[in-house]
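J.: My request is simple: use the sequences and hints to build the entire structure.
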Amino acid sequence: MAFTCMEAVVGFMLLMYLFETYLDFRQHAALKLPTLPKTLQGVISQEKFKKSRAYCLDKSHFHFVHEFVTILIDAAILFFGILPWFWKKSGNFLPLAGLNKENEILHTLSFLAGVMIWSQVTDLPFSLYSTFVIEARHGFNKQTIWLFIRDLIKGMCLAIVLGPPFVSAIIWIVQEGGPYLAVYLWSFLFVLSLVMMTIYPILIAPLFNNFTPLPDGELRLKIEKLASSLNFPLKKLFVVDGSTRSSHSNAYLYGFFKNKRIVLYDTLIQKCKNDEEIVAVIAHELGHWKLNHTMYSFIAVHILTSFQFGGYTLVRNSTDIFRSFGFDTQPVLIGLIIFQHTVIPFQHLVSFGLNLVSRSFEFQADAFAKKLGYRSSLRACLVKLQEESLSAMNTDWWYSAYHYSYPPLVERLVALDEADKKEE
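Just so you know, the sequence shown maps onto residues 113 to 536 in my numbering.
These are computed hints drawn from the structure, not numbers from a lab. In this text the structure is predicted, and so the values were computed from the model without any measurement. Warning: the hint list may mix true and false statements.
[As the list claims (entries may be wrong)] DSS-like, lysine-lysine: derived pairs with alpha carbons at most 25 angstroms apart:
no. : residue 1 : residue 2
1   : K334      : K385
2   : K162      : K144
3   : K162      : K385
4   : K162      : K150
5   : K254      : K383
6   : K372      : K348
7   : K160      : K496
8   : K160      : K150
9   : K496      : K144
T.: Following this line, the structure appears as structure tokens:
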């Protein structure tokens with residue numbers, strides 16, 4: 113008996129779940145190992161190793177439950193025709209609000225409002241447990257329940273403000289695009305991504321965190337000197353209050369052309385009290401900029417997006433595919449959802465490839481910082497951040513290769529040390 117497109121999609125979803133669960137079990141077994149890998153012996157304290165092991169095993173157990181519930185819900189939504197049922201119900205709501213049921217944009221917005229409510233309801237228990245049980249148990253959560261709720265409300269408000277114009281534009285482009293639909297969609301997404309990259313750090317990120325200038329002092333002088341030596345057009349240097357939500361650390365760059373900014377998490381400054389270690393982290397980030405990693409990633413993503421939109425135009429014109437999912441009409445948004453499900457195999461391959469590229473970029477950025485003379489400081493800071501974040505010390509190589517966009521600490525330290533040996 114021939115399978116429908118929907119049944120094939122659900123079948124592949126289940127196969128991928130089984131494969132990824134197998135990888136999760138491999139990683140879980142690695143996390144249970146009682147000893148540190150040789151590279152980290154004498155580098156990571158036994159006390160930190162035990163805490164890391166407990167934290168990672170807690171997250172692993174939680175991950176098994178979350179993924180199991182997620183695949184059950186996603187498969188049921190497709191297999192039992194809940195998606196077309198929900199689409200019809202969201203349309204029936206419009207006349208009750210005095211709106212035109214036949215207007216596809218209004219119908220789509222009604223559908224998305226329901227999806228947003230549903231996703232919040234189903235995901236909220238997991239978010240609460242992850243934040244206020246697991247993260248709190250291991251000393252990472254700094255949020256109050258009020259701050260958590262406030263962030264949730266802000267996120268929903270942003271979706272309500274930004275979502276309708278974006279969705280309306282997509283539907284209009286698809287309806288009017290004609291033979292150049294894929295080109296128009298790609299152009300719209302390209303411009304939108306540039307706009308969001310510009311306004312997000314300036315208008316949206318400050319809604320959730322406070323960004324203050326890094327105070328004058330040795331650390332600021334060293335960062336400015338490093339940026340100047342690399343001709344990095346540093347416009348502003350900020351500290352963000354990441355400690356209000358978590359004790360995890362980070363640093364990043366953003367901005368276009370001559371308007372670049374560097375942001376340090378306050379937790380990074382607290383953990384790496386040695387200025388040279390913090391500067392080493394910035395040297396690593398500047399390595400990404402100097403080596404054009406961000407630009408290459410941006411171009412790669414948009415090339416892949418262009419291919420995806422080309423594929424979407426084929427799905428868009430196939431009534432049989434829509435019918436296999438239970439639809440007797442061909443709404444734009446539903447076409448996008450169906451398309452995303454039908455290209456799951458391609459997406460997994462692309463994700464794996466991008467992870468390999470990202471890991472390569474991390475090694476290159478580490479090597480860049482080392483060439484600037486920050487090998488020892490970067491090494492010390494990587495170890496310290498690994499300890500303080502209680503990240504996994506033992507990793508399964510299959511799991512790591514498939515999931516990690518950053519190399520494990522062991523691999524980064526080996527790469528830094530091997531570079532030294534070659535020079536000697």
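J.: Hint by hint, note whether the structure agrees.
T.: Going through the hints against the structure:
1. K334 x K385: Judged against 25 angstroms, a Cα distance of about 14 angstroms means the pair holds.
2. K162 x K144: Given that 25 angstroms is the threshold and the Cα spacing comes to 10 angstroms, the pair holds.
3. K162 x K385: 24 angstroms, holds
4. K162 x K150: Answer holds: K162 to K150 is near 16 angstroms, not above 25 angstroms.
5. K254 x K383: Holds - the C-alpha atoms of K383 and K254 are around 16 angstroms apart, at most 25 angstroms.
6. K372 x K348: Answer holds: K372 to K348 is near 7 angstroms, not above 25 angstroms.
7. K160 x K496: 10 angstroms, holds
8. K160 x K150: 16 angstroms, holds
9. K496 x K144: 22 angstroms, holds
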